[in-house]
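Enquirer: For reference, the chains in residue letters:
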Amino acid sequence: MKNKNSGFTLIELIITIGCVVIVLGGFYLLSVYSYRQFIKIHHLCQMKMDAANIKALIESDIARGGKVAINSDNHGITININGKKKSYLYKNNTIIRTVDKTEGILTKYYVCDGVWIIDNNIISMNIEFSYKNLNTGEINYLKIIKDIDPAR
Amino acid sequence: MIKILITNKGFTLIEVMIFVALMAILMFIGTGLHSSIQWLTRENNYSNCIRELHNQKKIISHIPYDKLPPEVLTVQGDNEIKLSNSNILPESIIIMTQEKGNIDPSDFKVSENIITIKDKNYRGKKVLVKYGFLLAGSGEASTVPDKEPYEIRLLNTPLKTLTKIELVEGDNFTTIPSSLYEVKKGSKKIRIDKKYAGKVVHITYTGGSMQYICTGDFLNDKLNTVSEITDMKLIKIQASYGSRQNIESGILRIENEK
Chain A
16 MKNKNSGFTL IELIITIGCV VIVLGGFYLL SVYSYRQFIK IHHLCQMKMD AANIKALIES
76 DIARGGKVAI NSDNHGITIN INGKKKSYLY KNNTIIRTVD KTEGILTKYY VCDGVWIIDN
136 NIISMNIEFS YKNLNTGEIN YLKIIKDIDP AR
Chain B
-4 MIKILITNKG FTLIEVMIFV ALMAILMFIG TGLHSSIQWL TRENNYSNCI RELHNQKKII
56 SHIPYDKLPP EVLTVQGDNE IKLSNSNILP ESIIIMTQEK GNIDPSDFKV SENIITIKDK
116 NYRGKKVLVK YGFLLAGSGE ASTVPDKEPY EIRLLNTPLK TLTKIELVEG DNFTTIPSSL
176 YEVKKGSKKI RIDKKYAGKV VHITYTGGSM QYICTGDFLN DKLNTVSEIT DMKLIKIQAS
236 YGSRQNIESG ILRIENEK
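Going down the list, the sequences are from chains A and B. Residues 16 to 167 (this note's numbering) make up the first sequence, in order. Residues -4 to 253 (this note's numbering) make up the second sequence, in order.
There may be inaccurate statements among the hints.
Calculated lysine to aspartate or glutamate pairs in the EDC-like style (CA-CA distance at most 16 Å, straight line) [what the hints assert, rightly or not]:
1) B/Lys194 x A/Asp164
2) A/Lys55 x A/Asp162
3) B/Lys77 x B/Glu94
4) A/Lys100 x A/Asp134
5) B/Lys190 x B/Glu223
6) B/Lys104 x B/Glu86
7) A/Lys158 x B/Glu38
8) B/Lys52 x A/Asp164
9) B/Lys53 x A/Asp164
10) B/Lys52 x A/Glu118
11) A/Lys158 x B/Glu146
12) B/Lys125 x B/Asp212
13) A/Lys82 x B/Asp166
14) B/Lys121 x B/Glu223
15) B/Lys115 x B/Asp102
16) A/Lys63 x B/Glu38
17) B/Lys52 x A/Glu153
18) B/Lys104 x B/Glu143
19) B/Lys53 x A/Glu74
20) B/Lys159 x B/Glu143
21) B/Lys159 x B/Asp188
22) B/Lys194 x B/Glu161
23) B/Lys62 x B/Glu177
24) B/Lys121 x B/Asp166
25) B/Lys52 x B/Glu38
26) B/Lys120 x B/Glu66
27) B/Lys121 x B/Glu161
28) B/Lys53 x A/Asp115
29) B/Lys159 x A/Asp134
Hint data in this document are derived by calculation from the structure and do not stem from the laboratory.
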């Protein structure tokens, strides 16, 4: 009588396990990578949103008749609306808004530079964020320039 | 031995299909993620281009009519024509003459904003020069770090041409001499002398990731482009930002407007 029942050979098992490890490893690496990319995109969008919000706040102050003055160190801008002063400053690695000595932080992420200049009669706001790239471990930078027309 | 060879089988269709499907899923997710980051970078460049187009139109509106392309210029004694703008794109230059039509591109040389015509017969004659040039970005400023390295990062990289670096103190701009900064073509940073540590500088330059090309044409009364001299010019600014499609904007200039 011939015994036809036979199990997997060692080679077959090793190959199967190898393939499973490669496929699952690929899925694992991809899921980690995709999570980190998602976090990165989320951070970048938030930084852009913060810059857009600061621009909108400054423009709304100007629209209410505010007179703009750039600070002498170019790290801030002061808007005078009928004697009431509102300041936007780069301070302690954030952008803050000061109204009557009350400070409000306008950025959620680490700001490494905040500069306001008047170039060709337009106020250019330069905000540079820095963040850690989770995939490479390096520090990356995102510079956002927003223009504000003082004659608005 | 023959029996063993016969019983060896390859993968079944189902096995191959499952493997291909798994690989396709992995590749699809990977490619999708990569393109989403690229999209975000392009979107950032796009919004910068829109901002820059708006600024450049303002800047161009203050440039005298005669100094915008196309220019009517006289060939100097040394066979040279000096264009009013810098960062000229040599391949965009078309020189037109009244008597002999267009001058062949092989008959003139371009060095920065100076064109040298080989034929000496053009001396003293007026020519019409159509050309395009790169516009330098506006509004970019950075704080020079307090400690080593005294380097500032650029937004539009790699650096192509640097026009100037200015020290900004409130509303005052002072040009920094080129001996006080170190710049390499194609780099992403500029090293500045340590005496400017902690100070704000304004950089005017052209870069590779976003390019703004300015060209111009004469217009007739029906607003059609013509190759003769008129008192109306259509100045076009084309912004390219790493996408397949460029953004274009124009400004109409009339000669006697002041």
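Enquirer: Next pair to validate is B/Lys52 with A/Asp164; report whether the Cα-Cα distance is within 16 Å.
Expert: holds, 14 Å
Enquirer: Mind checking the alpha carbons of A/Lys158 and B/Glu38 for me, to see if they're no more than 16 Å apart?
Expert: holds, 13 Å
Enquirer: Does B/Glu223 sit within 16 Å of B/Lys121, going by the straight-line distance between their CA atoms?
Expert: holds, 13 Å
Enquirer: So if I understand the rule, the pair passes when the alpha-carbon distance is 16 Å or less; does B/Lys190 with B/Glu223 pass?
Expert: Violated: B/Lys190 and B/Glu223 sit about 53 Å apart, past 16 Å.
Enquirer: Check the hint pairing B/Lys52 with B/Glu38 against an upper bound of 16 Å on the C-alpha distance.
Expert: Violated, at roughly 21 Å.
Enquirer: Need the status of pair B/Lys52, A/Glu153: alpha-carbon distance at most 16 Å?
Expert: Violated, at roughly 38 Å.
Enquirer: With a cut-off of 16 Å on the C-alpha distance, tell me whether B/Lys159 and B/Asp188 pass.
Expert: Status holds; Cα separation ~15 Å.
Enquirer: Holds or violated: B/Lys53 with A/Asp115, Cα cutoff 16 Å?
Expert: violated, 36 Å
Enquirer: Hinted pair, alpha-carbon criterion (16 Å max): B/Lys62, B/Glu177. Please report holds or violated.
Expert: violated, 31 Å
Enquirer: If you draw a straight line from the CA of A/Lys63 to the CA of B/Glu38, is it 16 Å or shorter?
Expert: holds, 11 Å
Enquirer: Within a Cα-Cα threshold of 16 Å, do B/Lys104 and B/Glu86 meet the stated pairing?
Expert: holds, 11 Å
Enquirer: Can you confirm whether the C-alpha distance between B/Lys121 and B/Glu161 stays at or below 16 Å?
Expert: violated, 37 Å
Hint compliance for this structure: hints 1, 2, 3, 4, 5, 10, 17, 18, 19, 20, 23, 24, 25, 27 and 28 are not met, and every other hint is.
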